[in-house]
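Number of protein chains: 2
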Amino acid sequence: MDHATTHVPFAIAVHGGAGAIRKEKMTPEKETQYQERLVASLQVGFELLDSGRSAIDAVCKAVNVMEDSPLFNAGIGAVYTHDGGHEQDACVMDGSNLAVGAVAGVRHIRNPIDLARLVMQDSPHVLLCGDGAEQFAVLHGMSLEETSYFDTKHRRTQLDKAIAREEEQGKVLFGDGNLDHSSDEKYGTVGAVAMDREGNLAAATSTGGMTNKRWMRIGDTPVIGAGTYANNQSCAVSATGHGEFIMRSVLAFEVHALMTYKGLPLAEAARTAVNDRLGAIGGTGGLIAINSRGQIALPFNTPGMYRGWMVPGCEPSVGIYREDDE
Amino acid sequence: MDHATTHVPFAIAVHGGAGAIRKEKMTPEKETQYQERLVASLQVGFELLDSGRSAIDAVCKAVNVMEDSPLFNAGIGAVYTHDGGHEQDACVMDGSNLAVGAVAGVRHIRNPIDLARLVMQDSPHVLLCGDGAEQFAVLHGMSLEETSYFDTKHRRTQLDKAIAREEEQGKVLFGDGNLDHSSDEKYGTVGAVAMDREGNLAAATSTGGMTNKRWMRIGDTPVIGAGTYANNQSCAVSATGHGEFIMRSVLAFEVHALMTYKGLPLAEAARTAVNDRLGAIGGTGGLIAINSRGQIALPFNTPGMYRGWMVPGCEPSVGIYREDDE
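As given, the protein sequences belong to chains A and B, one line each in that order.
For the first sequence, counting from 1, position 5 maps to 5 in my numbering; every step adds exactly one.
For the second sequence, counting from 1, position 252 maps to 1252 in my numbering; every step adds exactly one.
For the record, the hints were derived by calculation from the structure and aren't laboratory data.
The beta carbon of each residue, even a glycine, is placed where N, CA and C say it ideally should be.
Don't take each hint at face value.
The calculated label-pair distances, taken between Cβ atoms and stated as ranges, are [as the list claims (entries may be wrong)]:
1. ASP1131/B with ASP160/A: 50 to 60 Å
2. GLU167/A with ASN1097/B: 29 to 39 Å
3. ASP1160/B with GLY85/A: 34 to 44 Å
4. HIS154/A with LYS1153/B: 50 to 60 Å
5. ARG322/A with LYS1161/B: 51 to 61 Å
Using the sequences and the hints given, assemble the complete structure.
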């Protein structure tokens, strides 16, 4: 799946989450829906890049396409918290100047990546949270969404099941290792990385977090260097998986560090970060990464990762399972 | 100030914030108060380490000493938010197993570092936020503090001045570069790093953030890899300064990366991170770092940083200004 052409004028990659995604549990219809949405996301970003727009534009708009689909755990498809609400996190980073914007725990934002971008562009801050982030949104003319917008039947079913399991076992199960990892409840974060015609890199990530989450838990997505990082000197990275482990690995920045200081090429740096850093502490997930030559890597240590990439002169390429299983 | 002995059985360093701390603006009484509290913090941590307790114990208890003093911007001395409240962030990391706990935006926690430690030890999570973090605290038997506990006259005066300046200029000034950086309003984060008798490293950081902050802004302190990081393989780091820039620099992890992948010794890695990474994007601040030989570095690019370190066989050593000015 690694794309290693020598040089392209621009390129984009996207992911729609990594996890226990297995071909035997997937229907052909569902598979097609995911593939189509990944392609749609890639094409939106690709066309912007083709017309000379920035990598930041491309990654945000590509993420919007996935946020607007109930298939993914972001935007309208965000999972439920323990209290039956939705708390979303998002982050965008501009590799040309290391500018970043992020939001955590927002409840009424249709496209959290747009608010993250607003924080980056119109505030002196990097990370705003909860009600405060929404006050900032309103001040800057962004409208709040009714929470009912985020109510979807399949996510509610996932919450109900998670709570039933907890009641059955009489304890909080979320994230403690007893959760049934064979379900696809946990991971569905979306993200995009791109290189534009000027050679600038950008990364964007958006997520509803984990089903049944409590206590305003914040995951890796809005944490610069963990779920999201971009630096023209090395790479742009968007990660997905078990957030706590991605944070402890400082995963996205680890790819940057392996390239910058150890001199590893992109694909090897990305693979090392996922297998030897995230994996070493028991973490599961994956990431997409791009360098300033437009090379792309998409490693993961889970059974599957919704992913795709697109460069000039090629059809969009998407994948769901391990290459052997495709 | 850099301590570079070949090997000590254990060691600790602390900071009480970096910023525009100038000798000509300090009274001898104030100076003595800071020095005494830094020494008290060091001694508490040192004695724990001496008696064989863990680096985690030492850094948390050393931070408690500063959280319990109105001198520092953490705990009882936390600065005011724009709304006249207090929102505190804290993070602790165990270098022996990369376990981390962090809280952001907590309003009723007397010692936020204790709650961060509770998150690390008793939850499957890394980062909890706001009311959610406090629900978790109560569930685990931690009592909530009245907000009046955090009301101090000198911090209220700082808020009043900040708001008056904004009204005078008719715009939000906080963090936009127009703020009077000659005051000590901005930085006062506290932190500690330690190596224990078993060679384990730990880092802890606690802060009230920035005076007059809005929108539940979260700074670098609770962001793993930015304000706080610990890894037995390299170093433990606690940072202080302009949080947005520290986050964009992924500053604490940068020290780790420079040591691990570029092979720099601790002092050079720490200095490079502060001068050539944080400084390169216009950020101001400093950090304390320790490696598994008990070597310590305390670089900063501000006029001053409240800081100190202590190793067996030496009296505690504390500093406030640049070495030339001491």
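Taking the hints in turn, this is what the structure says about them:
At roughly 24 Å, the beta-carbon separation of ASP1131/B and ASP160/A lies outside the given 50 to 60 Å, and the hint is violated. Checking the proposed 29 to 39 Å range against GLU167/A and ASN1097/B shows it holds: the Cβ atoms sit about 31 Å from each other. For ASP1160/B paired with GLY85/A, a C-beta distance near 37 Å keeps the hint of 34 to 44 Å intact. A hinted range of 50 to 60 Å holds for the C-beta pair HIS154/A and LYS1153/B, which are about 55 Å apart.
For ARG322/A and LYS1161/B, the hinted distance range of 51 to 61 Å is satisfied, since their beta carbons lie about 60 Å from each other.
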